[in-house]
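Protein sequences appear in the order of chains P and V. Numbered by this note's numbering, the letters in the first sequence go through residues 3 to 562 in order. Numbered by this note's numbering, the letters in the second sequence go through residues 14 to 482 in order.
Since the hints were derived computationally from the structure, they do not count as laboratory data. No residue lacks a Cβ here, since even glycine has one placed at the ideal position from N, Cα and C. Treat the hints with caution; some may be incorrect.
Here are the simulated distance ranges between beta carbons [unchecked claim]:
no.	chain 1	residue 1	chain 2	residue 2	range
1	P	D558	V	I404	33 to 39 Å
2	V	R208	P	G559	56 to 62 Å
3	V	Q466	P	S539	28 to 34 Å
4	P	T355	V	P432	54 to 60 Å
5	V	I404	P	C451	35 to 41 Å
6	P	P183	V	G256	50 to 56 Å
7	V	A463	P	T355	55 to 61 Å
Sample of chain P residues lacking proximity to chain V, with all beta carbon distances greater than 10 Å (derived) [unchecked claim]:
no.	residue
8	L83
9	S158
10	R279
11	Q402
12	E430
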Amino acid sequence: MSDETPRIRRVAGSLVEVSPLRAALYELALVGDQKMLGEVIRQRGDLATLQVYEETTGLCVGEPVEVMGATLTAQLGPGLLGSVLDGIGRPLERVAEATGDFIAPGARADTLAADARWHFTATRSAGERVSGGDVLGTIEERPGMLHRVLVPPLVSGLLATLTSGEFTVTDPIGALADGTPLFLSHRWPVRTARPVLERLGSSRPFVTGQRVFDLFFPVAEGGNAIVPGGFGTGKTIIEQSLAKFAEADIVVYVGCGERGNEMTDVLTEFPALVDPRTGRPVMDRAVLIVNTSNMPVAAREASIYLGITVAEYFRDQGNRVALMIDSTSRWAEALREMAARLQEMPGEEGYPTYLANRLGQFFERSGRSKLLGSPAREGAVTIIGAISPPGGDFSEPVTQAALRVAGAMWALDAQLAHQRHYPAVDWETSFSLYAEQVAPWFTEHGGACWTALRQELMALLQKERELRDIASLVGPDALEDHDHLVIEAAAIVREVVLRQNAYHPHDAISSPQKTHALAAAALELLHKGEAQLSAGSPFSSIDLVPARRALMAMRDGETP
Amino acid sequence: MTGSLERVYRGAAAAGGPLLFLERTRRVALGEWVIVRMKGQADRRGQVIDAGEHATVVQLLDETVGLAPDRAEITLTGEVATTVVGQELLGRAFDGHGASADGLPAPIGEAVRTINGAAINPVRRARPLDFIETGVSAIDAMNTLVRGQKLPVFSGPGLPGLELAARIVEWSRAPRGEPFAVVFAAVGITARESREFVDRLRASGAMSRTVLYLNEAAHPAVERLLAPRLALTCAEFLAFERGIHVLVVIADMTHYCEALREIATAREEIPGRRGYPGYMYTDLASIYERAGIIRGRAGSITQIPILTMPDDDMTHPIPDLTGYITEGQIVLSRELHRRGISPPIDVLPSLSRLMSGGIGKGRTRAEHREWSDQLYATYARGREARTMAAIVGASGLPPADQRALKFADAFEENFIAQPGGRRTIDETFAAGWSLLAQLPRDDLLRISDATWQAHAALSTAPSAVAVPP
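Starting from the given sequences, assemble the full structure and let the hints guide the process.
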């Protein structure tokens with residue numbers, strides 16, 4: 003082959019070697035006759051190694067490759083909300099129109115519909131100086147849902163023209179004096195964090211509506227939590243419950259290497275489910291990114307970066323955004339698969355040595371920030387990342403790497419899941435570094451003595467575990483009356499406060515007030531029992547069943 | 014790989030284990046089908062697993078004993094692996110290559126399909142909601158199977174995993190009597206196991222609705238990677254192009270994973286946990302995810318893969334990765350099996366993730382969820398009490414624990430065990446309620462007052478269903 007066309011020299015799984023090709027790292031390329039999208043991940047001399055985002059079976063040595071001169075970008079603008087994208091940003095509906103019910107390689111589709119027209123109202127005028135992050139105007143994307151059109155970060159200058167009116171995402175809405183056109187949308191490279199003015203601390207919690215998290219292991223807005231748990235411990239249910247009920251303006255949900263039928267659940271439920279705070283379908287505030295386990299591995303690796311970039315874009319408009327990753331481990335495995343094919347020297351369990359770094363960089367893209375541009379505003383991205391440790395063993399590399407950067411860990415326990423205690427959060431190994439900083443907010447919005455309540459409940463559960471250990475060694479006869487009361491009260495706390503039924507119409511979401519009321523009532527039960535004991539009554543005379551049922555009625559009642 | 018043509022090479026550079034290494038090949042495609050011929054020997058088939066200008070790796074599906082690389086004639090066919098599919102395959106048996114194994118001529122079929130399949134576009138999937146009555150109480154009551162689900166059986170060496178699958182195939186009743194079929198892939202199981210399963214199918218009269226792909230223990234190991242894919246390709250055609258509800262049974266995925274490891278080691282890849290390759294999750298997903306329902310198409314694929322947990326260890330990579338992909342698992346217990354409880358299903362670690370959609374009013378019964386939660390909770394408490402009783406004696410337990418312990422015994426003997434054969438869903442409910450009825454109301458906190466009263470009214474009525482044996 004004497005011509006200088008870059009051609010495929012080798013195909014191994016999703017990896018392709020191409021020469022002669024001198025490209026930049028992460029530069030995109032169209033691979034083969036079908037023009038599949040790929041990305042350069044190694045360059046040696048004139049030999050480039052690419053990872054291909056589509057199924058490579060049938061790809062042939064000798065087929066041509068063409069580089070595109072840009073890295074993988076997300077197309078950001080109106081129309082994102084309610085969409086379902088694959089790992090590289092193609093709307094799956096459009097892919098289906100192109101290739102049918104089964105995904106075939108080579109489908110090209112922009113993230114945003116090119117023909118949708120949006121009514122843009124300019125809030126800035128010609129002659130003004132604008133810079134990156136400035137709000138140029140707004141679009142009412144859905145009833146009551148304002149989409150702020152921003153000057154892309156890194157762009158600035160004198161505004162020469164800006165017009166209100168009906169536009170598609172590719173029509174210019176104005177221009178800077180130097181000729182730079184402005185659009186309703188812009189592109190941003192997914193592997194680069196979008197800049198902010200200043201990172202802020204946060205005293206406001208990310209209210210999950212789940213009692214065990216809000217009360218015991220809260221996450222600050224702009225913080226991050228990891229949810230490690232073996233299979234069947236309920237990671238996905240937690241991720242979905244949070245996506246549905248947590249207090250966030252926008253939810254970005256990344257199904258990274260997970261089950262197809264699970265995504266169908268999300269796709270049927272989200273449009274049907276009404277957000278109690280806004281009265282609109284949950285889907286209206288959601289962007290779903292779906293790369294199931296049988297879809298190409300390289301696109302799975304990219305999917306979380308697309309997710310965080312979309313989340314940052316909505317944050318930049320001044321929103322509080324929640325990013326759900328289910329599951330981080332599948333991303334790490336994709337990384338491992340690529341590293342192994344590159345024959346890199348492996349670190350622990352075959353994972354590449356840069357796993358912890360990449361993971362750290364990713365989680366650090368969460369945060370609450372003062373944003374670029376005017377008007378001055380703040381926004382936050384909170385990341386909740388599920389982790390699937392092999393054999394449920396948390397000592398494995400992905401969990402350990404994530405632990406180093408996580409602000410909270412919600413450890414899921416197979417034993418609790420087997421008892422159908424959901425969310426199966428193990429209160430002994432879980433932790434939150436945010437508890438103190440958000441306690442004042444919860445005290446104000448949930449109820450008095452929030453921290454004291456939390457501590458007393460945790461002490462009670464701790465005491466119960468000790469007593470149960472004793473009882474299992476020497477038998478329950480060795481326990482005193484007060485010990486029996488502690489065990490019974492703790493059982494009620496576990497049953498009524500910590501357990502929460504994600505399918506129950508009234509229990510699925512619990513406001514801070516309800517969480518507080520239930521926790522306080524459960525403790526009062528203990529205190530009353532203690533008073534009876536000190537008054538001389540034996541434990542056997544105390545009947546906790548009616549109180550327990552009253553608490554359950556309160557839990558399942560209509561008050562949110 | 015349009016435009017690729019058949020090319021013939023004489024002599025390979027090297028061979029080792031199931032791999033053949035070619036040099037200086039032209040326009041090789043990944044996954045390309047290869048035929049290797051040697052004088053006086055049967056043709057061998059293989060697949061390109063690493064396509065390169067300088068070096069190409071072919072994975073051979075047949076035994077390599079007697080293969081001399083420098084004398085072999087290697088044909089690159091220019092096609093990826095395909096198989097014939099069609100309704101006329103029903104009632105037929107094939108080997109792990111898809112060649113006829115029942116003495117009949119090769120089928121002409123209705124179409125030829127590539128065996129690797131393609132991912133169903135998630136937005137085109139329909140939600141699995143149709144309850145399948147398997148007749149097994151432990152499944153119907155507590156781990157409900159729905160159409161389009163993938164629900165594996167986690168068995169152990171010597172446990173009757175395949176027998177349970179046979180029972181499900183025999184006993185299952187589809188919701189509305191729509192057309193159904195069974196596709197069975199034997200993967201590395203013994204000829205005896207495979208024969209027993211097929212005999213049961215024959216006895217139940219389901220054989221004419223069944224397609225068999227048999228790769229038994231004596232057959233080439235690498236072929237194990239092919240058999241499940243052939244079965245699923247056949248099932249996809251029947252389900253999505255002919256509107257049939259297909260139940261795919263694959264036994265045993267443990268042998269499949271071992272074949273996968275064998276290839277990975279032969280390629281000198283960096284091993285993951287216990288020597289299994291790092292991409293095993295992705296590879297298994299490419300099999301398990303070929304279950305489901307597609308919007309606007311009539312049929313469905315329900316998968317029941319069976320696997321053997323080495324040393325009954327559920328954290329072993331094979332059950333572990335499977336559990337992360339499938340929608341639950343049915344776990345068999347050695348202890349129950351030893352005690353003669355059949356089927357020996359341990360409901361505590363078992364799970365059906367799609368249960369919620371398939372049960373409740375209009376599907377099974379309105380109270381299904383709370384009733385099943387209550388059975389589960391009381392049984393779990395009883396099992397805990399059993400452990401405790403081993404230390405302090407049953408009489409040392411608090412009264413509620415004693416009641417739960419008694420319940421657990423009765424539950425295993427009269428609910429899990431089914432000596433009397435198939436139970437309808439009504440019989441399963443009757444059996445469950447009669448066990449719960451022996452407990453005081455205060456022990457049954459997962460049952461709501463409304464359900465409790467409704468049930469009490471029902472069970473005093475003369476039409477109450479009798480408890481089956």
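Hint check:
1. D558(P) - I404(V): 33 to 39 Å: The hinted range 33 to 39 Å holds for D558(P) and I404(V), with Cβ atoms some 36 Å apart.
2. R208(V) - G559(P): 56 to 62 Å: Holds: the Cβ-Cβ distance is about 59 Å, inside 56 to 62 Å.
3. Q466(V) - S539(P): 28 to 34 Å: Hint holds: Cβ distance 33 Å, inside 28 to 34 Å.
4. T355(P) - P432(V): 54 to 60 Å: holds (58 Å)
5. I404(V) - C451(P): 35 to 41 Å: About 40 Å separates the Cβ atoms of I404(V) and C451(P), which means 35 to 41 Å holds.
6. P183(P) - G256(V): 50 to 56 Å: Hint holds: Cβ distance 52 Å, inside 50 to 56 Å.
7. A463(V) - T355(P): 55 to 61 Å: Holds - the Cβ-Cβ distance for A463(V) and T355(P), about 59 Å, lies within 55 to 61 Å.
8. L83: Given that every Cβ of chain V is farther than 10 Å from that of L83(P), nearest at about 16 Å, it holds.
9. S158: Correct as stated: the minimum Cβ-Cβ distance to chain V is 39 Å, above 10 Å.
10. R279: Its Cβ never comes within 10 Å of chain V, the nearest being 25 Å, so this holds.
11. Q402: Nearest chain V Cβ is 15 Å from Q402(P), so the label holds.
12. E430: Holds, because the least Cβ-Cβ distance between E430(P) and chain V comes to about 18 Å, which exceeds 10 Å.
Checked against the numbered hints given earlier, this structure breaks none of them.
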